[in-house]
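All chains should be built: construct the whole structure from the sequences, respecting the hints.
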Amino acid sequence: ALSWWGPVFIEKAVISTPAHLRVIAAEKVALIFGAVTMMSGIIGVPLGMFLSTELKKKYPRADPIICGVGILLSAVMLTLGMLVTQKNVILAFILLFIGEIALNLNWSIVADMLLYVVVPTCRSTAEALQILFSHAFGDAGSPYLIGQIADGLKNVLDTTGDICNNQDIVPIFEDQSEFDMAIGGVGRNQSETSIGEALETVTQAVMKGATTALSGNVEGITASPLTVAAPGDEVEVDYACAQVEYNSMQYSLLTNSGVELLGGILFLLCAIFIVKDKLFCEQAALACRKEKEANEIKLMLPTASPEDSLGDDNSDDEMPQLIKDASRSTTPV
Numbered sequence: 002a003l004s005w006w007g008p009v010f011i012e013k014a015v016i017s018t019p020a021h022l023r024v025i026a027a028e029k030v031a032l033i034f035g036a037v038t039m040m041s042g043i044i045g046v047p048l049g050m051f052l053s054t055e056l057k058k059k060y061p062r063a064d065p066i067i068c069g070v071g072i073l074l075s076a077v078m079l080t081l082g083m084l085v086t087q088k089n090v091i092l093a094f095i096l097l098f099i100g101e102i103a104l105n106l107n108w109s110i111v112a113d114m115l116l117y118v119v120v121p122t123c124r125s126t127a128e129a130l131q132i133l134f135s136h137a138f139g140d141a142g143s144p145y146l147i148g149q150i151a152d153g154l155k156n157v158l159d160t161t162g163d164i165c166n167n168q169d170i171v172p173i174f175e176d177q178s179e180f181d182m183a184i185g186g187v188g189r190n191q192s193e194t195s196i197g198e199a200l201e202t203v204t205q206a207v208m209k210g211a212t213t214a215l216s217g218n219v220e221g222i223t224a225s226p227l228t229v230a231a232p233g234d235e236v237e238v239d240y241a242c243a244q245v246e247y248n249s250m251q252y253s254l255l256t257n258s259g260v261e262l263l264g265g266i267l268f269l270l271c272a273i274f275i276v277k278d279k280l281f282c283e284q285a286a287l288a289c290r291k292e293k294e295a296n297e298i299k300l301m302l303p304t305a306s307p308e309d310s311l312g313d314d315n316s317d318d319e320m321p322q323l324i325k326d327a328s329r330s331t332t333p334v
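In short: position in the sequence shown from 1, add 1, done, that's my numbering.
To be clear, the hints were calculated from the coordinates, so they are not data collected in a lab.
Since the model is a prediction, treat every value here as computed from it, not as a measurement.
A couple of the hints might just be wrong.
[Said to hold, decoys possible] SDA-like cross-link-like pairs, simulated, lysine to any residue; straight-line CA separation at most 20 angstroms: (1) Lys58 with Tyr117; (2) Lys279 with Met50; (3) Lys155 with Pro144; (4) Lys88 with Leu73; (5) Lys57 with Ile275; (6) Lys58 with Leu48; (7) Lys88 with Ile25.
[Said to hold, decoys possible] Distance windows between CB atoms, simulated: (8) Leu32 with Asn89: 32 to 40 angstroms; (9) Ala127 with Val85: 34 to 42 angstroms; (10) Lys58 with Ala241: 29 to 37 angstroms; (11) Leu32 with Lys58: 37 to 45 angstroms; (12) Asp278 with Ala137: 47 to 55 angstroms; (13) Ile91 with Phe274: 14 to 22 angstroms.
Quick reminder that beta carbons are idealized off the backbone N, C-alpha and C, glycines included.
Structural data, given as C-alpha cells:
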C-alpha cells in the first residue's frame with residue numbers, strides 16, 4: 002500500500018501547497034519516491050542480515066528482536082513523515098527513507114527464522130505458505146483497502162458535498178493559433194475538414210489538460226466541460242478540494258502504522274519462544290537423521306546367508322575336548 006499510494010499522497014501534499022511555496026514539482030515526486038524506496042531496500046536488507054549474524058552469536062533471541070524493533074521504528078518514522086509532508090516535503094522524504102530501511106531489516110531474517118524453527122522435511126512447504134500469506138494479506142489487498150478507506154474519508158471530510166464535485170479538465174492549447182483554430186472552426190459554419198481539424202485540436206488540448214492535471218499543475222478545476230484555457234491564461238487550483246484529498250489519503254495511510262505496531266509486538270512476543278522452538282526443531286531433525294542412517298545401514302546388510310539353512314547348531318565351531326573315563330585306572334596293577 003505504501004509503494005502504491007505513497008507517491009499519490011506526496012503529490013497531493015505538493016498540490017495542496019501554494020505554488021510559490023513548493024520545494025519540488027509534483028511531476029517529480031514519483032521519481033524521487035522510487036529512488037528513495039530502491040536505496041532503502043539496497044541498504045536495509047543486507048543491514049538486517051549483518052545485524053542478525055553478529056548479534057546472534059551473543060544473543061540467541063536477536064532475530065525476532067531485530068525484526069520487532071525495526072518494524073516499530075519504521076512505524077514511528079513513517080508516521081512522522083506523513084504528518085510533516087505538507088509542511089516540509091524534504092524532511093518527509095528523509096523520514097521515509099529511514100522508515101523504509103528499518104522496515105526492510107526483516108526480509109532476510111524472517112526467511113532464516115522460518116527455516117530454523119521448521120523440521121527439514123517441511124521447510125519448503127512452510128516457506129511457500131509464508132510467501133503466499135504475506136503477499137495475499139499484504140501486497141495484494143492493501144492497496145485496494147487503503148483506496149477504499151481514502152474514498153470513504155473523502156466523503157466524510159467533504160461536509161458540504163460540493164468541494165470536490167465540479168472538477169473538469171480544462172483544455173490547454175500550445176499557442177494562440179491553435180486556440181483561434183479551435184474556437185473558429187467549431188464556432189462558425191466551416192467546411193467538414195475545418196471542423197474536423199478543429200475538433201482534433203480540441204481533443205489534443207483536452208488530453209494535454211488531463212496530463213497536466215495528473216502531474217499536479219491543474220487540480221480541482223471548477224469549470225464547464227466546454228471551457229477552454231487560452232495561452233497565457235492562469236488556471237487556479239482548488240486548494241479546498243486538494244486539502245480534502247490530502248487529509249483523506251493521510252488518515253488512510255496512517256492505518257499502516259497501526260498494522261506495523263501490531264507486527265512489532267508479535268515479533269517481540271516471538272522472541273520469548275524462539276530459542277525453545279529452535280532447540281526442539283534441532284532435536285527433531287537429529288532424530289530424523291539418526292533414523293535415516295539406521296535405515297541406510299539395514300539396506301546395506303545382506304538379508305540372508307547359506308549358513309541360515311543349517312539351523313542354530315554351532316557344535317562344529319567348538320574345539321574338541323577329552324572326556325575322562327572314571328572306570329579306567331591310570332595306575333599300573
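Here is what the structure says about each hint:
no.	hint	in the structure
1	Lys58 with Tyr117	holds, 15 angstroms
2	Lys279 with Met50	holds, 18 angstroms
3	Lys155 with Pro144	holds, 16 angstroms
4	Lys88 with Leu73	violated, 24 angstroms
5	Lys57 with Ile275	holds, 12 angstroms
6	Lys58 with Leu48	holds, 16 angstroms
7	Lys88 with Ile25	holds, 12 angstroms
8	Leu32 with Asn89: 32 to 40 angstroms	violated, 19 angstroms
9	Ala127 with Val85: 34 to 42 angstroms	holds, 41 angstroms
10	Lys58 with Ala241: 29 to 37 angstroms	violated, 58 angstroms
11	Leu32 with Lys58: 37 to 45 angstroms	holds, 41 angstroms
12	Asp278 with Ala137: 47 to 55 angstroms	violated, 24 angstroms
13	Ile91 with Phe274: 14 to 22 angstroms	violated, 43 angstroms
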